[in-house]
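Chains A and B supply the protein sequences, listed in that same order. Mapping to my numbering: the first sequence position 126 is 126, numbers consecutive. Mapping to my numbering: the second sequence position 146 is 425, numbers consecutive.
To be clear, the hints were calculated from the coordinates, so they are not data collected in a lab. Predicted model, so just to flag it, every value in this text is computed and none were measured. There could be a bad hint or two in this list.
[Said to hold, decoys possible] Some chain B residues judged to face chain A by a derived CB distance under 8 Å, without partners named:
| # | residue |
| --- | --- |
| 1 | 310 |
| 2 | 313 |
| 3 | 438 |
| 4 | 440 |
| 5 | 444 |
| 6 | 455 |
| 7 | 457 |
| 8 | 526 |
| 9 | 527 |
| 10 | 528 |
[To be verified] Heads up, simulated DSS-like pairs for lysine-lysine below, C-alpha to C-alpha not over 27 Å straight-line:
| # | chain 1 | residue 1 | chain 2 | residue 2 |
| --- | --- | --- | --- | --- |
| 11 | B | 314 | A | 59 |
| 12 | B | 488 | A | 61 |
| 13 | B | 488 | B | 474 |
| 14 | A | 59 | B | 351 |
| 15 | A | 59 | B | 326 |
| 16 | A | 144 | B | 488 |
| 17 | B | 314 | A | 61 |
| 18 | B | 490 | A | 144 |
| 19 | B | 306 | A | 39 |
| 20 | A | 39 | B | 351 |
| 21 | A | 61 | B | 490 |
| 22 | B | 351 | B | 314 |
[As the list claims (entries may be wrong)] Some chain A residues well away from chain B (every beta-carbon gap over 12 Å; in silico):
| # | residue |
| --- | --- |
| 23 | 37 |
| 24 | 136 |
| 25 | 137 |
| 26 | 140 |
| 27 | 188 |
| 28 | 201 |
| 29 | 235 |
| 30 | 244 |
Idealized CB from N, CA, C, for every residue including glycine.
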Amino acid sequence: MATFFGEVLSVFSRAVEEDEDDLSDNEEDEQIRRELEEKRVVHLHWNPEVTECLKSGNKLKCSDFILAVGPNAARFLSVHALTSANWDTVGHSSLWNERNQTTTGQTSVEPACVFHRQKDNPSVLICQVTCYIAEDQLFQWTEKVFDCLQHRQLNVTVLSDSSVAEYKAADYLHCSSAPFLRSLHSSTYNGKSVCPSLEQPNIFTGLPAAVLSHCEVHRIPAVVYQCYSDVLGADSVTMETYNPVLTSLGKSIQLDPSPSTDVLRKFSRTSNIQSNLYI
Amino acid sequence: MENKPWALISEIGALGYPEELIDIMMKRFHVVSHKDFLQNLQLYSPKVQVLFCWNNSPAVEPSLLRLLPSLKVVANGGAGINHLDVPYINSLGVKVTNTPGVVSSATADIALGLLLASARDIVTYFTLVMPAVAVGNVAQLAVDLIVSTLKMSRVGFIHTDCLIPMAGNNPYTTCKEDAEELHTPAEVYTAAEQKLAVLQIRAPIIQAKSKKFRQLLVSWIKASGFSRTIVLSSSHAYQRDDQQLQSAPVRYLITPSLMKVSGDALKELGWRELEKVAAFPGLTDTSAESRLYIPGGGITKGLYTDGCAEDLPLAVLLLFCSEGDNIPDALTLVNQLNDWLHLLDNPVSSRQEFTACAAKEHQNKSDTVGPV
Chain A
1 MATFFGEVLS
11 VFSRAVEEDE
21 DDLSDNEEDE
31 QIRRELEEKR
41 VVHLHWNPEV
51 TECLKSGNKL
61 KCSDFILAVG
71 PNAARFLSVH
81 ALTSANWDTV
91 GHSSLWNERN
101 QTTTGQTSVE
111 PACVFHRQKD
121 NPSVLICQVT
131 CYIAEDQLFQ
141 WTEKVFDCLQ
151 HRQLNVTVLS
161 DSSVAEYKAA
171 DYLHCSSAPF
181 LRSLHSSTYN
191 GKSVCPSLEQ
201 PNIFTGLPAA
211 VLSHCEVHRI
221 PAVVYQCYSD
231 VLGADSVTME
241 TYNPVLTSLG
251 KSIQLDPSPS
261 TDVLRKFSRT
271 SNIQSNLYI
Chain B
280 MENKPWALIS
290 EIGALGYPEE
300 LIDIMMKRFH
310 VVSHKDFLQN
320 LQLYSPKVQV
330 LFCWNNSPAV
340 EPSLLRLLPS
350 LKVVANGGAG
360 INHLDVPYIN
370 SLGVKVTNTP
380 GVVSSATADI
390 ALGLLLASAR
400 DIVTYFTLVM
410 PAVAVGNVAQ
420 LAVDLIVSTL
430 KMSRVGFIHT
440 DCLIPMAGNN
450 PYTTCKEDAE
460 ELHTPAEVYT
470 AAEQKLAVLQ
480 IRAPIIQAKS
490 KKFRQLLVSW
500 IKASGFSRTI
510 VLSSSHAYQR
520 DDQQLQSAPV
530 RYLITPSLMK
540 VSGDALKELG
550 WRELEKVAAF
560 PGLTDTSAES
570 RLYIPGGGIT
580 KGLYTDGCAE
590 DLPLAVLLLF
600 CSEGDNIPDA
610 LTLVNQLNDW
620 LHLLDNPVSS
630 RQEFTACAAK
640 EHQNKSDTVG
650 PV
């Protein structure tokens, strides 16, 4: 952005326009706002068994909640855990925003936010999020999901994709080459970290931040591993960056540490976009 | 394990039965919560032999006792049993127990402490300083400077859907040990010696929820009983009108309720109140209304207006500035505040004190305000 004096800054301002909402306090505007807000509500859809359980006032017994945000994190879990056919899909969440227009009921190819539960150990819940959740929906999503889980003995692990452009370091050339992992954990988390902690002045935003804040405030042990990569889409090198996390995840779930090439190929093929520039 | 007796309690956690004690309970009893009990009377009703009463919950009333034919003991957490109809309970062949003496010394300590405090006028209320997320993040930088200079300790969070989520490691780190401390969008710090509380806001407010956020702040300020609230803020320098261009770029606003107390102090400091601007600049019609206008000031104006309406003792201290390197602006703002509150003996001038904050600014600004 450029400042008033014409300096070009590499950073954005948080300056906000003056709040003029006192001008539009009439009923019609109020109604429009309310309808817009209703449209942006996050919905959770569980299978009948879970729905029944939640209806009767119980919460899901959950010892490990593993959340993957972004295509590589989601694929990492698909390859190492979900391929074992040992998993039930127990639900998904649906939401509407500017970048995510598929509404409830529409059958998209693959739902963008799915919950899986292990068959023989139902206290492990995996969630894969590959859709965009808007800033005003993050808090709501987190509250709704955690409201379904029993907090006692709950451990939370978040894997999240991020662009290396988001990573700030004084010495860009000498900072470790992408992709690499950084972590943040809540104060009640006492596990061993498998990668360096996030350096100042970097911060996490988006769903990992919402989940981590929630866990910090509610004293739930949680750790977030963020992978900074220079590839935007699904990519096997980026996916492998999450490998160190296998050791800590392996304690709670059965993982396939070295999946067969067939499995890997299955999950990386979908992202091959055919170029129309060259033959 | 099958021989354990069944015990009825209210609920686990929140205001119910203390969560940290539940493991001990589980070792000795089969525990059933009041809600589960009512949902499955046939199963539990004949089994329950003990009723644990905590904070008068579940209420030991005839309606409940009638459902407990095997009950032997009502165990009350705490010394007082005025809330129990002991003769009636005994008449059912049920014993009542309490825990006399466990909190006696703590109660005595507090009673004496309060006596001394009121006799010696020790309890004075805290002053709250908070930023408005505004141009150049000046106020947030100023608050960072206050927190790190006074080495304030974190005492709480404001966890709300009105702020965009963010999380990061300790921005005020002094050694390796405290570097990995998670920090969230809105946190409260205190310095007991200076009777100062500070609210730091690290994330932008979701625009559609700014009104809700203001209401939340006002009710929190009221409930916390702060003696005064000082909102640090900034406003676009290029939007000043002619009279605002004169003199130093610092201005204040004060609600009538704080004016009564601190009006003279501000007059002595020689500060200028923020001038109202013409609603329609250029028109010479003198009858035209003038209005309060704080461009780029975020919730500043709304918070001040709410403060006036709710009779809050609140002041706004703001600086006209532009985007850029806003560290000098933050220093100016903190030194102005220090002239009023006398938090530090010497004015803050060292740039060194700003290392943490400079990093912070970089971090603050790189957060874009996305579409809402």
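Cross-check of the supplied hints:
no. : hint          : in the structure
1   : 310           : 13 Å, violated
2   : 313           : 12 Å, violated
3   : 438           : 5 Å, holds
4   : 440           : 4 Å, holds
5   : 444           : 4 Å, holds
6   : 455           : 11 Å, violated
7   : 457           : 11 Å, violated
8   : 526           : 20 Å, violated
9   : 527           : 19 Å, violated
10  : 528           : 14 Å, violated
11  : B:314 x A:59  : 14 Å, holds
12  : B:488 x A:61  : 33 Å, violated
13  : B:488 x B:474 : 31 Å, violated
14  : A:59 x B:351  : 31 Å, violated
15  : A:59 x B:326  : 25 Å, holds
16  : A:144 x B:488 : 19 Å, holds
17  : B:314 x A:61  : 18 Å, holds
18  : B:490 x A:144 : 23 Å, holds
19  : B:306 x A:39  : 48 Å, violated
20  : A:39 x B:351  : 55 Å, violated
21  : A:61 x B:490  : 37 Å, violated
22  : B:351 x B:314 : 21 Å, holds
23  : 37            : 7 Å, violated
24  : 136           : 5 Å, violated
25  : 137           : 9 Å, violated
26  : 140           : 6 Å, violated
27  : 188           : 10 Å, violated
28  : 201           : 4 Å, violated
29  : 235           : 24 Å, holds
30  : 244           : 18 Å, holds
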